[in-house]
Amino acid sequence: MTEPKPFVDIRNAQKSYGALEVLKDISLQVARGEIVAIIGPSGSGKSTLLRAINDLDPLTGGDVWLEDTQINKKLPHRQYEKHINQVRQNIGMVFQHFNLFPHLSVRENVTLAPKLLKGLSDDEAEELAREQLEKVGLIDRIDYYPSRLSGGQKQRVAIARALAMKPKVMLFDEATSALDPELVEEVNLVMKKLAEEHMTMIIVTHEMGFAETVCDRVIFMDKGVVVEEGPPSKIFRNPDNERTQNFLRKHLANANR
Amino acid sequence: MGLDFTVVPAHIDIILLGCLWTIAIAVAAAILSFFGGIVFAVIALYGPWIIRLPFRLLEWVFMGTPLLLQLFLIYFGLVQIGIDLPAFVAGIIGLGLHFAVYNSELIQTAILSVDKGQMEAARTVGLSRGQALRKVVVPQAVRAVIPPIGNNMIALLKDSALVSVIGVSELTLSAQLAIGRTYRPFEFYVLAAAVYYVINLGMEAVQRRIERRIAAAR
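If you read the protein sequences in the order shown, they are chains P and W. For the first sequence, my numbering gives the first residue as 1, with consecutive numbering after it. For the second sequence, my numbering gives the first residue as 1001, with consecutive numbering after it.
Any given hint might turn out to be false.
Covered stretches of chain P (chain W as the covering partner; in silico rule of three or more C-beta atoms under 8 angstroms from a C-beta of chain W) [as the list claims (entries may be wrong)]:
| # | segment |
| --- | --- |
| 1 | 112-122 |
| 2 | 214-225 |
Now the in silico label distances, taken between C-beta atoms and shown as ranges [stated by the list, open to error]:
| # | chain 1 | residue 1 | chain 2 | residue 2 | range |
| --- | --- | --- | --- | --- | --- |
| 3 | W | Leu1057 | P | Glu182 | 28 to 36 angstroms |
| 4 | P | Leu189 | W | Asp1115 | 41 to 49 angstroms |
| 5 | W | Ala1205 | P | Glu182 | 43 to 51 angstroms |
Keep in mind that the hints were calculated from the coordinates and are not lab data. Quantities reported herein were computed from a predicted structural model and do not represent experimental measurements. Where a beta carbon is used, it is the ideal one built from N, C-alpha and C, also for glycine.
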């Protein structure tokens, strides 16, 4: 039997800033509909790896594929720009600090890209905005500006904004790390809902509980390499590698403090 | 010869016409300086060097030399290379570009102070760099600089008096015309000063309205 073809395929990813090697020959395959958590201490390169997927932090070596398209193609500048703008429409990204557009209303945040890039009419855009905001439970905030939203609400709008482009894969870069503890759950719920809809997701997170309940696979990274990977039950309950054990022990100690 | 403001009503039509010219020139130059400032700022920050360098040069000229001289150059000088502009057009271009350079400085700083996550977020939904600048970064920068740009616009209004020297019969020149007829410099200069002040109040009111609208959208 042949393996199913990977949906997101990272091959021999390398990244260095001068002498500092942040990613050391990492390969990672994600299947369609799979939900993968990337955990690890800060500075382990997990965010860099995530940001390499849509070429926000270009790799210095290796390549990244989404289905049959190489994302980090070497092209002349103009062609590359065209290519990457096209590719990024298929990859939703959610940031730690939300990065909502503060000068636009919630509605406009969600519809800016679809209107500009897909030529949606006002009516179509309105429908899309309502549909996405319904999904994240913020339809009643459609006319608000971001400054009037709580952190959790901002992050849910950011998710709606990413979903509005109908991406094939969603990247979450510590989506709940900047939130007050009581606001984490509402964002997690939205992410769980996406998981139930079989959205392909790659999630960089510090929340082991969430990773354990929602993700199909957990990648533990340290110092620019994948130390260990496997199903959450294995990684969290019975990790093989000493570094994984140490990390989780420290993390638990912090969480219980 | 004491002061006698009763001569004013007979010549109020000249003053009012001058007032209209001043408002028209100031508004046109203000609009030019605003959009010119945005264009200059984007070129200065993101333009390829081949465009950036000539603009840099233009910037030095407009910042480093007197506005009066620039007006002379645009109105009298350009004729020699075949560009014969009507005086009020030369005035609008001179004033507009001069203040565009000052506005550009403000807008550049504001663009650089927009959080870089904004550009990233715009790029990740698929916007090109140009679209991201136009729709996300520049609008935020412009909102941040409306108050200091307002100050520049008040300076622009006052400096529009210089346009009188290339023969545009705006407020200052109109006052001089009235003085030529009546030999009453004090009365008409005071009147002109008062009119400038009133126009300024109007501009401030407009600026406050814009600021309030922006504040509402935050």
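Taking the Cβ atom of Ala1205/W and the Cβ atom of Glu182/P, is their distance within the range 43 to 51 angstroms? At roughly 45 angstroms between Cβ atoms, Glu182/P and Ala1205/W fall inside 43 to 51 angstroms, so the hint holds.
Given as covered by chain W, does the segment 112-122 of chain P meet the bar of three residues or more with CB within less than 8 angstroms? Result for this restraint: holds, n = 4.
Range first: 41 to 49 angstroms. Now tell me if the beta carbons of Leu189/P and Asp1115/W are that far apart. This hint is violated: roughly 27 angstroms between Cβ atoms.
CB-CB spacing for Glu182/P and Leu1057/W relative to the 28 to 36 angstroms hint: For Glu182/P against Leu1057/W, whose Cβ atoms are near 57 angstroms apart, the range 28 to 36 angstroms is violated.
Holds or violated: the segment 214-225 of chain P covered by chain W, criterion of 3 or more residues with Cβ-Cβ distance under 8 angstroms? Result for this restraint: violated, n = 0.
Of the hints listed earlier, those the structure fails to meet are numbers 2, 3 and 4, in rising order.
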